[in-house]
Amino acid sequence: MKRIIHLTFCLLVLGCSKGGNDNPLPPDQELENKQEAENGELTVPELIFPEKDQLCLDSEITFNWSDAINPEGGSLNYQIQISTNRAFTGIVEDQVIQGTSLSLVMERGQDYYWRVLAIDSNGDMSDFSPSSAFYVQGEATSNYIPFNPSITSPEQGKEVAYENINLQWESSDLDNDFLRYDVYLGTTQSPGLFESGLTTNTLEVSLEPNQIYYWQVHVSDGSSKSIGGIWSFTTK
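When we follow the working numbering, the leftmost residue of the sequence shown carries the number 18, and every step to the right adds one.
Simulated from the structure, these hints should not be mistaken for lab results.
Keep in mind it's a predicted model, so treat the numbers as computed, not measured.
Hints may contain errors.
With a cut-off of at most 20 Å between alpha-carbon atoms, the simulated SDA-like pairs for lysine to any residue come out as follows [claimed, not checked]:
#1 Lys69 to Leu93
#2 Lys242 to Ser118
#3 Lys253 to Thr216
#4 Lys242 to Gly107
#5 Lys253 to Ser76
#6 Lys242 to Val222
#7 Lys253 to Thr217
#8 Lys69 to Glu187
#9 Lys175 to Gln127
#10 Lys69 to Ala104
#11 Lys175 to Lys242
#12 Lys69 to Gln115
#13 Lys242 to Ser223
#14 Lys253 to Glu187
#15 Lys253 to Ser167
#16 Lys253 to Arg125
#17 Lys175 to Ile247
#18 Lys69 to Asn181
#19 Lys175 to Thr219
#20 Lys175 to Ile162
#21 Lys242 to Gln127
#22 Lys69 to Glu89
#23 Lys69 to Arg125
#24 Lys69 to Ser118
#25 Lys175 to Thr251
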C-alpha cells in the first residue's frame, strides 16, 4: 500500500491544484455540444479536474471545467455542486460563480462526487454534467472504501422487455482490491437481497411484465462497504 500511495503522490500531487483549461473536449462531446448549440440550447460543461476516481493528497483542490456554449451569446455563470454521495443528497458545496474554476478546501478522508451546469443571463440552465468521483486522502490508511456504485444499464426510469434484462453498474477502489457485489431487487422502494457475492458488475434477470422494479447494489472490498442509490425501471 505504501508503494501505491507513493506512486500516486508522484503522479498527482501537482495536479491537485491544477488550473486552466488545456484539455480539449473528446470528439463525441464536441459533437454533442455542437448539436445542442445548433438547437439553440446551452451546452453541458465538461468536467476536467479532478479527474474521474482521482486520489488527491492535498485538501485544497482547484476544480476546473470547460466553457459551455451560449448560442444567444452573452456571459454565463456556472453552478457547481459537490456531494458525499452519487445521489447528491449529501451536498457540501453548492455555488454559482463566473468562470470555469473554483478553489476549495475539502475535508480529508472523504470521497466526493461533483457536477456542473451552465446558466445564461435569462436564468436558463443547461443539464448537469455527468457526475465524477474523487477522494481526498486522510491520515495514513491501509484500506480505502470503494466508491459508491453507479448505474450503467438499464437507464434510470427506462422501460425494458421483461425477459433477459442485463443489470449493469460500475464501481472502483483506490486500492485496486477485489470487489464483490450484492444486488437488491424488488417491486418495493426498499428492495430485498436478490443475489449476493457477485464477482462481476453485471447480472442477467428475467422478471414479470408490467411492473416497476427497484434495485440497488452494495459493493465490498472485504474490509469496507459502499451502498449505491436506489434505481428503478419498468418492464413491458
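Structure-based check of all given hints:
A distance of roughly 25 Å separates the Cα atoms of Lys69 and Leu93; the hinted pair therefore is violated under the 20 Å criterion. Note on Lys242 and Ser118: the hinted pairing is violated, with a Cα-Cα distance of about 32 Å set against a maximum of 20 Å. For the given pair, Lys253 sits about 29 Å from Thr216 by alpha-carbon distance, which is inconsistent with the 20 Å threshold. Distance check on the hinted pair: Lys242 and Gly107 sit about 18 Å apart at the alpha-carbon level, within 20 Å; holds.
Taking the CA atoms of Lys253 and Ser76, the gap is near 48 Å; set against the 20 Å cutoff, the hint is violated. Between Lys242 and Val222 the CA atoms are separated by roughly 24 Å; this puts the pair beyond 20 Å, and the hint is violated. A hinted pair counts as satisfied when its Cα atoms are at most 20 Å apart, and Lys253 with Thr217 does not qualify at roughly 26 Å. Under the criterion of a C-alpha separation no larger than 20 Å, the hint pairing Lys69 with Glu187 is consistent with the structure, at around 12 Å.
For a cut-off of 20 Å, the pair hint linking Lys175 to Gln127 is broken: about 32 Å separates their Cα positions. At most 20 Å may separate the alpha-carbon atoms for a hinted pair to count; Lys69 and Ala104 meet this at roughly 16 Å. About 28 Å separates the Cα atoms of Lys175 and Lys242, which puts this hinted pair outside 20 Å; it is violated. Taking the CA atoms of Lys69 and Gln115, the gap is near 23 Å; set against the 20 Å cutoff, the hint is violated.
Restraint check for Lys242 and Ser223: not satisfied, since their Cα atoms lie roughly 27 Å apart, outside the 20 Å limit. For the proposed pair Lys253 and Glu187, the alpha carbon gap of about 25 Å is over 20 Å, so the pair is violated. This hinted pair does not check out: Lys253 and Ser167 have alpha carbons roughly 24 Å apart, beyond 20 Å. A C-alpha spacing of about 46 Å is found between Lys253 and Arg125, which places the hinted pair above 20 Å, so the restraint is violated.
In summary, the hint linking Lys175 to Ile247 is supported, as the alpha carbons are separated by about 14 Å, within the 20 Å threshold. This hinted pair does not check out: Lys69 and Asn181 have alpha carbons roughly 31 Å apart, beyond 20 Å. Taken as a hint, the Lys175 and Thr219 pair is honoured in the structure, with Cα atoms around 17 Å apart against an allowance of 20 Å. Restraint check for Lys175 and Ile162: not satisfied, since their Cα atoms lie roughly 30 Å apart, outside the 20 Å limit.
With a CA separation close to 14 Å, the supplied pair Lys242 and Gln127 stays within the 20 Å bound. For a cut-off of 20 Å, the pair hint linking Lys69 to Glu89 is broken: about 31 Å separates their Cα positions. For the suggested pair Lys69 and Arg125, the alpha carbons sit about 18 Å apart, so the restraint of at most 20 Å is met. For the proposed pair Lys69 and Ser118, the alpha carbon gap of about 17 Å is at most 20 Å, so the pair holds.
Proximity of Lys175 to Thr251 is assessed by CA-CA distance (about 6 Å); at most 20 Å being required, the pair is judged to hold.
Checked against the numbered hints listed earlier, the structure breaks hints 1, 2, 3, 5, 6, 7, 9, 11, 12, 13, 14, 15, 16, 18, 20 and 22; every other hint is satisfied.
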